[in-house]
Amino acid sequence: MRGVVKRFGAVAAVDGLELEVPAGLCYGLLGPNGAGKSTTMRILTGQAVADGGSIDVLGHRLPAESKVVRARMGVCPQESNLDVDLGVRDVLDVFARLYRVRSDERGAAVDRALALAGLGARAGDRAVTLSGGMQRRLLIARALIHEPELVLLDEPTVGLDPQVRQELWSLILSLRDRGATVLMSTHYIEEAERLADRVAIMSKGRVVAEGTPAELILAHAGREVVDVYASAAQLSELRELAGAAGLPTRRSGPALTYLHAESLDGRVPAGERRSANLEDVFVHLTGDYVE
Amino acid sequence: MTPVRPGRIEAPALVAVWIREWTVFRYYWRTRTFAAIVEPVITLLAFGFGFGKLVSHVEGIPYIQFVGTGAVATAVLFSAVFSAMFDALYKRRYQRVYDAMLAAPVDVDEIVTGESLFLGVRAGIYGVAPLLVAFAFGLKPEPAMVLVPVIGVLTGIGFAALGMWFAAMVSTYDGFSYVISGVITPLFLVAGTFFPLTRMPEWLRSLAQLNPLYHCVELVRHCAFGLDPAADLVHVGALCAFALVAWRLAVWRTRARLVL
Numbered sequence: 001m002r003g004v005v006k007r008f009g010a011v012a013a014v015d016g017l018e019l020e021v022p023a024g025l026c027y028g029l030l031g032p033n034g035a036g037k038s039t040t041m042r043i044l045t046g047q048a049v050a051d052g053g054s055i056d057v058l059g060h061r062l063p064a065e066s067k068v069v070r071a072r073m074g075v076c077p078q079e080s081n082l083d084v085d086l087g088v089r090d091v092l093d094v095f096a097r098l099y100r101v102r103s104d105e106r107g108a109a110v111d112r113a114l115a116l117a118g119l120g121a122r123a124g125d126r127a128v129t130l131s132g133g134m135q136r137r138l139l140i141a142r143a144l145i146h147e148p149e150l151v152l153l154d155e156p157t158v159g160l161d162p163q164v165r166q167e168l169w170s171l172i173l174s175l176r177d178r179g180a181t182v183l184m185s186t187h188y189i190e191e192a193e194r195l196a197d198r199v200a201i202m203s204k205g206r207v208v209a210e211g212t213p214a215e216l217i218l219a220h221a222g223r224e225v226v227d228v229y230a231s232a233a234q235l236s237e238l239r240e241l242a243g244a245a246g247l248p249t250r251r252s253g254p255a256l257t258y259l260h261a262e263s264l265d266g267r268v269p270a271g272e273r274r275s276a277n278l279e280d281v282f283v284h285l286t287g288d289y290v291e
Numbered sequence: 001m002t003p004v005r006p007g008r009i010e011a012p013a014l015v016a017v018w019i020r021e022w023t024v025f026r027y028y029w030r031t032r033t034f035a036a037i038v039e040p041v042i043t044l045l046a047f048g049f050g051f052g053k054l055v056s057h058v059e060g061i062p063y064i065q066f067v068g069t070g071a072v073a074t075a076v077l078f079s080a081v082f083s084a085m086f087d088a089l090y091k092r093r094y095q096r097v098y099d100a101m102l103a104a105p106v107d108v109d110e111i112v113t114g115e116s117l118f119l120g121v122r123a124g125i126y127g128v129a130p131l132l133v134a135f136a137f138g139l140k141p142e143p144a145m146v147l148v149p150v151i152g153v154l155t156g157i158g159f160a161a162l163g164m165w166f167a168a169m170v171s172t173y174d175g176f177s178y179v180i181s182g183v184i185t186p187l188f189l190v191a192g193t194f195f196p197l198t199r200m201p202e203w204l205r206s207l208a209q210l211n212p213l214y215h216c217v218e219l220v221r222h223c224a225f226g227l228d229p230a231a232d233l234v235h236v237g238a239l240c241a242f243a244l245v246a247w248r249l250a251v252w253r254t255r256a257r258l259v260l
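Here the protein sequences line up with chains A and B, keeping their order.
Sequential numbering from 1 applies to the first sequence in the numbering used here.
Sequential numbering from 1 applies to the second sequence in the numbering used here.
Here are the simulated distance ranges between beta carbons:
1. A:Gly53 with B:Phe25: 39 to 45 Å
2. B:Trp252 with A:Ser275: 52 to 58 Å
3. B:Arg32 with A:Val158: 31 to 37 Å
4. B:Val183 with A:His60: 39 to 45 Å
5. A:Glu79 with B:Gly182: 30 to 36 Å
6. B:Arg248 with A:Arg239: 57 to 63 Å
7. A:Ser103 with B:Tyr90: 26 to 32 Å
8. A:Ala10 with B:Phe25: 41 to 47 Å
9. A:Gly120 with B:Gly182: 50 to 56 Å
10. A:Val158 with B:Gly182: 38 to 44 Å
11. A:Asp51 with B:Tyr90: 27 to 33 Å
12. B:Trp29 with A:Asn277: 53 to 59 Å
Quick caveat, the hints were computed from the structure, so don't treat them as lab data.
Predicted model only: the values in this text are computed from it and were never measured.
From the three backbone atoms N, C-alpha and C, an ideal C-beta is built for every residue, glycine too.
Chain B with its partners taken away, still in its complex shape (with noise of 0.2 Å):
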């Protein structure tokens, strides 16, 4: 057995919730991914076909290329977002394999790590499939677009962590109405990826920054259409500060739920 050393978060814990992670994706990966790729890219064409009858261009940008491009955050989003609060909801409150792992030498900070971790990068890779889509309605490969399933990641880390943190505030799914109507709506709709902001009132752009999708969104244009380091390196904090706050508030209120 490798030492345990307690309070703090341990590699070989991490790796083991990884790995349960991905253990149970072997058993599921077919519906998980058909769920996560099919519906960006209906989304994309629709968004495309129907609005890019109206609307050829958009900031000199063909439409479907600017959806295309803005459909790789709502990818990421829902992927990590809806894995997170139906898995960890399901694993507290029905399947309680949670109180089994908490009874191994696996702390509350490791268990959210490791699946927010997990959940971000499938949530990054899936996110590339609106791009790929892209690809077929004439955007150009870049090669700042290899960075695309980084910021994939790093948003998905956040998004899986603040869906942990959802489904530890609420004791049914039913509960889920609220955040998914309240939140996860609002912020996949103002996030830029379907018109720009740019024509919207002040007070809409300035809570757009607000939304970590708005800052996914921008850096996922500016790899396809030209990079702008001052903002980027903006966005890029935005992102980092909005998982590193989902992550400790997930900490927080799934330890209250699971440590009585």
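Chain A extracted, bound-state conformation (with noise of 0.2 Å):
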């Protein structure tokens, strides 16, 4: 994606966007709710027109060709989708035929999808009676039908338990081992620090840093950081005192952290020194506010 823009209004939602996702990789799409990540997707599967910029996706350009794209790309969506009436191998046999699953190779890919998503004995229950994990796994299964080469998940685990994220991860891992690219946009740091080989970091519809997780961190928030755990008034005056010397910070919480405190020796008021990690990138480049 180059340079791409997409308004609504007066607000642009994606506001000159450079992304390369290598292929074979867990690409990590991470930012807070409202920096572009969900229109992106939306742009990429052809349900929404972006307004400048050019799109290459699996070699085909977006949108005059969206749908040779979606041929060879599976998508998880935020929210259901589900014909949560149907029952889950009708779901699957359904979305078979709109990915055009040859009639000889369906029964058995409905059967992989079943497995693959551990629900081989609810095949015959309505989809509606799953419990909120199953109903994701069935939108992942649904979404890898026709063995698609390039996989889009649009914050594959937000509301779930974390027993239910952590099947959830293992299964997305296996889509990478199997030779899937996965795009993957979360506002769960975690999730982009366990599952990415690659992480681009949105804000307000751009990308604002990217590299590996490990290179973000290095780059932004150094080997170690420094939290000072204060009142709120006096971390505000804090915060004064090191934009004036110069000293990265950012905000968690009930404290200011100190970025790059390796390199800060004597100028850093005491507190709890520790690794720097995604979170503290995360927030330094997004700002204050996360969910």
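Fit the two chains together into the complex; they arrive one by one in their own frames, and the hints show the way.
Pasting the structure below:
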């Protein structure tokens, strides 16, 4: 994606986006709500048409050749859009047809997707009777019915229990290990840190940093950081002082975190020293407010 | 995987949309069929027996047979337009299954076309019910009546597309109040189903020419009581034109809703 712009009225949801996803990786699109992640996903599926810039996916230009791309791409949306009234097997069978899986391969494709999602025992039940985690697995299985080369996952684990998230994470990694390219948007930092080979951090419709999680941490937060706990008033004061002294900081709830602490000897107030992480980078680059 | 050709309506996509509709229908055929058949039959019996006591013949036809042939159009209208309106809004707004379908190699025009065709065929089949009831009340089977389901399908496709267009113009089920009261009820009443339009004022008869349902009613009656080739070609032409316009409007508005 080069210089992609998408406006809704006066608001630019995507504003000069540059994004290159290498094949075969799990690529994380990390950003706060409203950063433009979902709009980016919609542009990639042809459900939003960019106002400017150029988009190439799997060697095809969008939106003109979107349909060809969609045949080779699987999409798991943020909010469930299952045919919940249908049986689990029927949901998969219908999408095997929509994805044009050949008729002699369709039964096997449905069985494979059921096994992948661990839903074989529920194949005859209506989708509406599945738990939230199972519905999400069915959504992912539906996206994989045609063995796509590229899988788009929009906030794949939002609103799920920790146990279910772990399960989905291993499912997502198994996709990459089979050779598919995974593009996953998330606002969970932990998710990006655990799964993504590379991460693009988005803010206000554009990519503000890109690299492996380790590269991003080293470049934007350093090796170590120091958390200084104090009252809100003191923290504001400290932050102003740090700003004046040119020390990079970020707010982290009840503390002020000094980044690149390893190279700031003597200039950082006493606090808790720890390894820098992706959250430090994320908050530093996208602003103080994180959900 | 079968090859994909962008920019055109492709048979594999239409078939897939059709199969999805059929799969969903398999779960709901009892309720849908009950509603689609029982309602026009009750209307027919109520008018046939109620008015039948006051009016024995209309244009030389026993009143219940007059209404029975007219009620075919009503059955087609209700089955097609209401299913299309409520299903399309549900699928777009509440279940969001259109978003899921559009992530596959299926375009908006294929969804609208496939669903209109499915609902049209279904409405055409349901539309035969009032005719069967009319047989029980002495309507004589005629060879031309085999055309009735075909007329029903053609009319049904138009009204299904019209329903999808309406669905694309509203944001909630509430929004349907306007089209139900303002469009569908007048279409239903001024189609010559329950009373002949020949005695109506000139302006109303001219207006009825614009009502697709009127053309359907006329065609069905002609199948039962004698074809009038020149007039019937005009009626078929009118139904085709209506289906074409409704289909384009439905595609246009639905795309505006689904592709941002």
